Amino acid sequence: MFLKMFTRQVRKKVLFRAVLSFVFVLSFTSLSMSPALTAYAAPEENLGMSDIEVNKPAHAAVDLQNATVDISLPYGTLYQMLNVTTNPAAAAALYRSDGTSPIAFAASGINQGDAKMDKFSAGGTTLYYLVVTDQHNSSNSRTYTITVTVDTDLPPITGPMGSNDKYLPLNIHSGEHAWDVMGASKIGNGSTTGAVEGPGVPSSYSGKPWSESVYDRSGDYPLALTVNESWLGDHMYLQTIGKNDIDALTKYGIANVPGMDKLNSDILRFHTFKPFVTAEGVQRNDGDRGAVNSDRQRLEIKSNTSAANIDANSVGGDIMTHRWKLMLPSETLRFQNDAGDKKAGDFIVPYRFWHIFQLKEVAGNAAGQPVTTLSLVSSGGKGHLEFRNNPDGGYADRIKPLFTIPFEKVVDRWLEFEVTILTADNGYIHGKLIDLTTNEVLFEGGMTGETYRRPEVKNPTTGRNERGDLPVVAGQQNRSKWGLYRGLYTDAAQADEFQSATMYLADVHLIKRDENSYIFPDGWNPNSQPKDVVAWARPSAVTADTATAFNDLSLPSQLDVTLSTGNTAKVNVTWSSEGYNSDAVGTYKIYGQLSGPDISNSRNIQPYIEVTLSELTPPDVSPPKTEARIEPAPRNGWLNTDASVTLTVYDDVSDVTKTEYKLGEHTDWQTYIEPISITNDGVHRLQFRSIDAPGNIEQTKELMVKVDKTKPSFALTANGEPLAEGAVFSDDRPIALRLDTSDGLSGIVNEELVLDGQRLDNGASVDLAGKPGPHTLKIVITDQAGNTTNESVRFLISVTPEGVSSLIDRYAAAGELQGPLVNQLRNSLNQARHQLEKGDKDKAANHMGDFLQHLDKKSQDDNVSDTAKAVLTADANALIEAWSAK
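According to mature numbering (1 follows the signal peptide of the UniProt record, and there is no 0), the residues represented by the sequence shown are -41 to -1, 1 to 845, in order.
What the hints contain is simulated information worked out from the structure, not anything from laboratory work.
Note that this is a predicted model, so its numbers are computed, not measured.
Glycine residues also receive a C-beta, built at the ideal position from the N, C-alpha and C atoms.
Keep in mind that a hint or two might mislead.
[What the hints assert, rightly or not] Derived CB-CB ranges, DEER-like:
#, residue 1, residue 2, range
1, Asp220, Pro47, 17 to 27 Å
2, Gly482, Pro360, 15 to 25 Å
3, Ala20, Asp305, 45 to 55 Å
4, Asn398, Pro47, 16 to 26 Å
5, Thr84, Asp305, 53 to 63 Å
6, His793, Leu755, 21 to 31 Å
7, Asp305, Glu403, 53 to 63 Å
Model the full structure from these sequences, guided by the hints.
Have a look at this one:
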């Protein structure tokens, strides 16, 4: 796993070491270079075979002599990317503390070349092992022990915290990708690029995504030397900068910004470019989420709103402190060039929205509108920094500022801002803004605010959308967003005033406060505020029959109620029977009164529930009817494959609540969910029944499912002995064939014996005299289930002199052979046997030729039957053929 080498010319430059220290250069893989940049652990020719350089994290302590790497990480870090440089001929592999579980270096993607060290020990120290091996000699390797220590103590920047408060930092490190800053911190909690909101598509003219932007050609960006001039500054981007990196700070003109010494973390730099206009007059702004010709630009980081990260976001009743340090430079707050009657250096006067922090609703009818913002605004013809509460999604006249401070008091200096917000209808916002140059408190104070968005309905009197008494929609929460989100000027008279913008952040963190004990800095106590009803969850409608008394209706005794404090509580409700008529069919709206200890209802909100009465129906006393269907359909009542039984239930009156079955004699009832599978041979007793809503239980039904997947067996005998394959019989003796069959389950339905294509009766005696040679006997047996046994046995009929002699005796005794022919045949046969005993097969064959001549004499036709003549002729020819064979 290696990051391929740059060309020797580039490598010789001191700048090479910085390649992996900045967010976007690593990802810039489309440049025209030779060779092209790939992503693995970065090799370097001047390193020893087992030496390494650690590029990420930037401040790792490497001891080559003792093969150790020490990495210290701040409180709350969830993971850390490791990126190393090795000798080109070496390979690096990373393992967890067990020494065997590998952690891969990414071969592609936004973290190309990085390995993710995570699953940190709760004790604060976790070990990993980096093995560097000579690729040409695997026995030459070295193991580095990597010790990662995550600080377990809260940093002092948190300020006063209660025992149940939760601290969630954004741990900004120089040399890290902005998306890993988010993912490795509890605010982003694993969400990397998903926690960065900007253009969702590549730049319309450079073709590069925001994560691969190159801003300038300074020494920090050696790759920029090859970038086309037209690409420079083409896109908004995020960048991490070391707070002590004097070169980077100087490059951006912020090395001497007052208050820099008050920073604890490194810096996150936001930059958005100024859209340009092509020669054809097309404005290329690549604005909101990648839209071309958009009316806004957006580059923000945001908290992860997954269920696992609820501590980083706010729901009703939550109290969240947001604290961070920020710096707004002149390049953002002042005109960079003369524009109309404005001169370079004058403060801008924003005409459209420009938010640098938003607390924004997720889900709900106004999800696109922020609840609170820190914004750049115009007031009295001047530019100001303002924190405001926006109670509604669409009415600017309801915006309520917490403070409004002119730009001259905030430009070109580090500020510390803290704002704590109670999420509620009657919420509270307390803010404090400090100039870190002088520690002057520019603002400190609080105000009530509507910080919990609920669904709005149109007020028929005013025509405006206003909050009703509906609770928040499911999944609604307030998330935090920091960045540059601004409207583009669409008026030609203002277009020239639009310019690029930059913002710097540090020491960003959230504190989820213990709502039961927290008191705001100005003494405002959330728990001493009235708990007034503002919304209620609608209960499900009720249905009943006429003649149902009001007290017999299934009305809930409590409702989920949203209080003005943001919390949801179960509150008692008393329902009024006014207007209810149990004798009349119809739908009634039943109103209730809410009551509970310490609960007020100043708006006189009355919950209601709809009750629908229908004609009284007679009670259902008939049980359901269940039918069973076996698939496939049985044959003769049997299946020769797995059975599937489907139960179908009918009930014309009530709903069926359950169908259940029992398979076998010693099982419990089981709820029927899907077709019942029966796979074993045997006769299976299936019992089943159904139960409807009134409780009627069907009489148990029964179905016998018979499965026989086994073929019939048999025993075959010839003359009382088992008939084996290849058996030999003399043709002078008839063969008595008997087939005995058996089937353990369904029983035999058919059996056949077929000899040479002719069906035989079982037990028949088969005379094969005169039919020497091989014969095939087929056995076909079928049982009731359709299983078929189909086999065959081959045997041989032989001819011997002794057998022919026996046949002569048989035919003579039967009168089929008589007169002088009998002795003539015996004489020829005996002479043949005599020659055979002497070993002279030729003479023996000649005598059998005489045998045939005697049979063929016309004068002997009356002395031999056709059958005897045919048999003896066939046998004689068989003997002649056998003896004549060479």
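Verification of the supplied hints:
Range check, Asp220 to Pro47: about 42 Å between beta-carbon atoms, so the 17 to 27 Å window is missed. For Gly482 and Pro360, the Cβ-Cβ distance of about 22 Å falls inside the hinted range of 15 to 25 Å, so the restraint holds. Distance hint check: the CB atoms of Ala20 and Asp305 are about 48 Å apart, consistent with the given range 45 to 55 Å. In this structure the supplied range 16 to 26 Å is violated for Asn398 paired with Pro47, their Cβ-Cβ distance being about 53 Å.
The hint said 53 to 63 Å for the Cβ distance between Thr84 and Asp305, and at roughly 54 Å that hint holds. For the pair His793 and Leu755, the beta carbons lie near 27 Å from each other, so the given range of 21 to 31 Å is met. Against the hinted window of 53 to 63 Å, the Cβ-Cβ separation of Asp305 and Glu403 comes to about 30 Å, which falls outside the hint.
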